[in-house]
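Colleague: Let the sequences and hints guide you as you build the complete structure.
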Amino acid sequence: MRTIKFIIQKEFKQIFRNKSMLPIIFVVPFVQLIILVHAATFEMKNIDMYVVDNDMSSTSRQLISKFGGSPFFRLKKTTFSIKEAEAALLSDEADVVMVINSGMEKSLVRENKASVQLLVNAINGTVAGISNYYVMSILASYNKDLITKWYGVAQSSQIKQININYSFWYNPELNYKTYMVPGILVLLVTIISLFLSGMNLVREKEIGTIEQINVTPIHKYQFIIGKLVPFWIIAMLELALGLTLGKLLFNIPIVGNIFLVFAFASVYLLAVLGIGLFISTIAHNQLQSMFFSFFFMLVFILMSGLFTSVESMPDWAQMLDRINPIYYFIRVMRMILLKGSTFKNIVSEFISISIYAIVVLSLAVWRYRKTV
Amino acid sequence: MENQVVITSKNMIKKFGDFVANDHLNFEVYKGEIFGFLGANGAGKTTAMKILCGLLTPTSGEIFVGGFNVYTETEKIKRSIGYMSQKFSLYEDLTVFENIRFYSGIYGLSDADIKMKSNNLMDKLGLSAQRNSLISSLPLGWKQKLAFSIAIIHDPQIVFLDEPTGGVDPITRRQFWDLIYDAAHNGITVFVTTHYMDEAEYCDRISIMVDGRIEALDTPFNLMKTYNSENMDGVFLKLARA
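Here the protein sequences line up with chains A and B, keeping their order. Take 1 as the starting number for the first sequence in the numbering used here and just add one per residue. Take 373 as the starting number for the second sequence in the numbering used here and just add one per residue.
Don't read these hints as lab results, they were simulated from the structure. There are no misleading hints in this set.
Result set (DSBU-like, lysine-lysine): computed pairs, CA atoms no more than 35 Å apart in a straight line:
{"no.": "1", "chain 1": "A", "residue 1": "K106", "chain 2": "A", "residue 2": "K66"}
{"no.": "2", "chain 1": "B", "residue 1": "K448", "chain 2": "A", "residue 2": "K5"}
{"no.": "3", "chain 1": "A", "residue 1": "K339", "chain 2": "A", "residue 2": "K45"}
{"no.": "4", "chain 1": "A", "residue 1": "K220", "chain 2": "B", "residue 2": "K382"}
{"no.": "5", "chain 1": "A", "residue 1": "K177", "chain 2": "A", "residue 2": "K45"}
{"no.": "6", "chain 1": "A", "residue 1": "K13", "chain 2": "B", "residue 2": "K489"}
None of these values were measured; they are calculated from a predicted model.
Modeller: This is how it looks when you write it as structure tokens:
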């Protein structure tokens, strides 16, 4: 116990004496939080739209003004040339082009139907899908207006159709920040703890002090624990600070028990620090360690479900996510903060991450050699 | 000399793949003596020393340090030895006192002992004024003396020094050897590697390694007589060029 105390004391001294490390630990993550939350968004705003209006009728103009009034669309230009619109699509001037052929109004009045053409830049499938959906809903609402105008309210309500009533649970305003802040917070805490622990032990290898440690009667587990505890404390503090900032700046909801988040984090961090220390025992210098950490981090983040839904990944990828610690924590964070899940709901994640922590820490202790 | 054996090595062999770093090393080191381990760079000195410290496992041989087996009792060996490596071993970003406290702490010294020993040590080295200075701000010679003093802070039976005076000026080297004599006087066996031949003459007995083998082992006086040379330089050159 006493031995561990001396190691922890030394680590803290070294961390707080390192003037370039302190801002990296305590400032950078929060600047990142503020920037990332605003930048990493799927919310569709400002869809640039070109309209080719060859009808020039009151109907077509009304339709166009519907789009002009929508907060999602920005009417860049109305033109008569389909060529010009296509060029705009190619040069990214326009995201969506709506083509209204001449005779649209006539056909609507005479034949009770008309069509408009929609050209969507679908390089990003998700964005294309969402813009398409928005256009559709505006057209649908315009249709309803027309029916009401021409046949009267009674008529319009007689058209039989199944209406779907939405009600969005847990994030009723579909606020993207509410969804992203907990996830990004997980990332920042993870990156800091993985890199700090990954660099630490290997740094002692580089400067040669590890050899001095290795000739002392220190036990392997004592050394690993002594390295682990300071970073664990820092990461927990970091999480607390991040949650506070999230609450103050982005007003993220904290529906569930905040202590449950910290309880889960306490185990989760052991797993992440364990990975870092394990990497540290394998790598020969800080550069190698950085490279390992970076590689794992990239795969972990992309598969974590932060941006994309894990449920829509192929089965093998979902199986692979079982060894992705970030996946568990993001999931649990969102469940507790947004849904108010209780311990009962996250018990399986809790068990998984505990096993994870035990396995990686054992690996780290096993792989740390006191002999060269 | 009371001739109580503290290190025994019988046929110590260490191979790295096909390369034989230590080839049948046989020697004994007695309690309280200063045993010099000489050899050119790459002769296998550091490898042998690391085996004795329990940092490397030998390929074969019967080796005992402080009465403990190097294969099975490395943790007991580590409790009874001190070690100062070629690479600099203090934490540059900690102060003099913090380094002393850390190393004495992990050797299990009590708080009272740590306080007393660190004060004595800093007095002896004339470092009391630098108690709260970072190691990085000290000159190399002071660092080396401090590193040595920390290596013996837990009163080990044996202290291993791997080229402790590399890059240090002659005056500081002399002062360093005073510390070594002091330690030996207090009953600590000193096992030291060096390639400064004048330092070899300060040792009670020396062994000279060439290409992984021990070519000669005796007192400096006897070696100079055997090899018909006026100083250790001559002895060494005759052996190394043979």
